[in-house]
Amino acid sequence: MKLSEALEVFLLDHRARGSRPRTLEWHRYTLNYLLKPLLEADADASSLSVFTVSQALAKDLKPNTLFNYERSLRAFCSWLVGWRNCPAIRSKEESGSSRCFSLSAA
1 MKLSEALEVF LLDHRARGSR PRTLEWHRYT LNYLLKPLLE ADADASSLSV
51 FTVSQALAKD LKPNTLFNYE RSLRAFCSWL VGWRNCPAIR SKEESGSSRC
101 FSLSAA
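Residue numbering for the sequence shown follows the UniProt record's numbering, beginning at 1 and increasing consecutively.
In short, the hints are calculated from the structure, not lab data. Heads up, some of the hints might be wrong.
Unchecked claim - Under the rule of at most 27 angstroms between Cα atoms (straight-line distance), these lysine-lysine pairs were calculated in the BS3-like manner:
{"hint": "1", "residue 1": "Lys36", "residue 2": "Lys62"}
{"hint": "2", "residue 1": "Lys2", "residue 2": "Lys59"}
{"hint": "3", "residue 1": "Lys36", "residue 2": "Lys2"}
{"hint": "4", "residue 1": "Lys36", "residue 2": "Lys59"}
All chains, please: the whole structure from these sequences, using the hints.
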């Protein structure tokens with residue numbers, strides 16, 4: 001799954017769980033800012049690693065800003081790990097299905 005698709009599904013999942021619009025906007029802004037090089041390269045979500053996450057956070061920022069950025073990135077990465085461990089998702093990816101998520105299935 002492309003990183004951009006994973007980000008959209010993450011936001012849809014948050015919306016479905018009742019997150020406020022401002023929270024969704026904050027996650028969208030923060031993750032787009034931090035992951036911009038990977039999003040522009042149309043990278044797969046599997047390209048996220050400790051190194052790329054560390055690079056995303058290697059910015060000259062105030063501690064509180066950095067903490068908030070890390071919080072959003074941690075939430076996304078945790079969601080991505082849990083989502084990838086879902087048996088239904090794993091079987092779709094292993095079968096070669098190009099779409100791992102369908103809005104009609106939500």
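Q: List, from low to high, the hint numbers that the structure doesn't satisfy.
A: As far as the earlier hints go, not one is violated by this structure.
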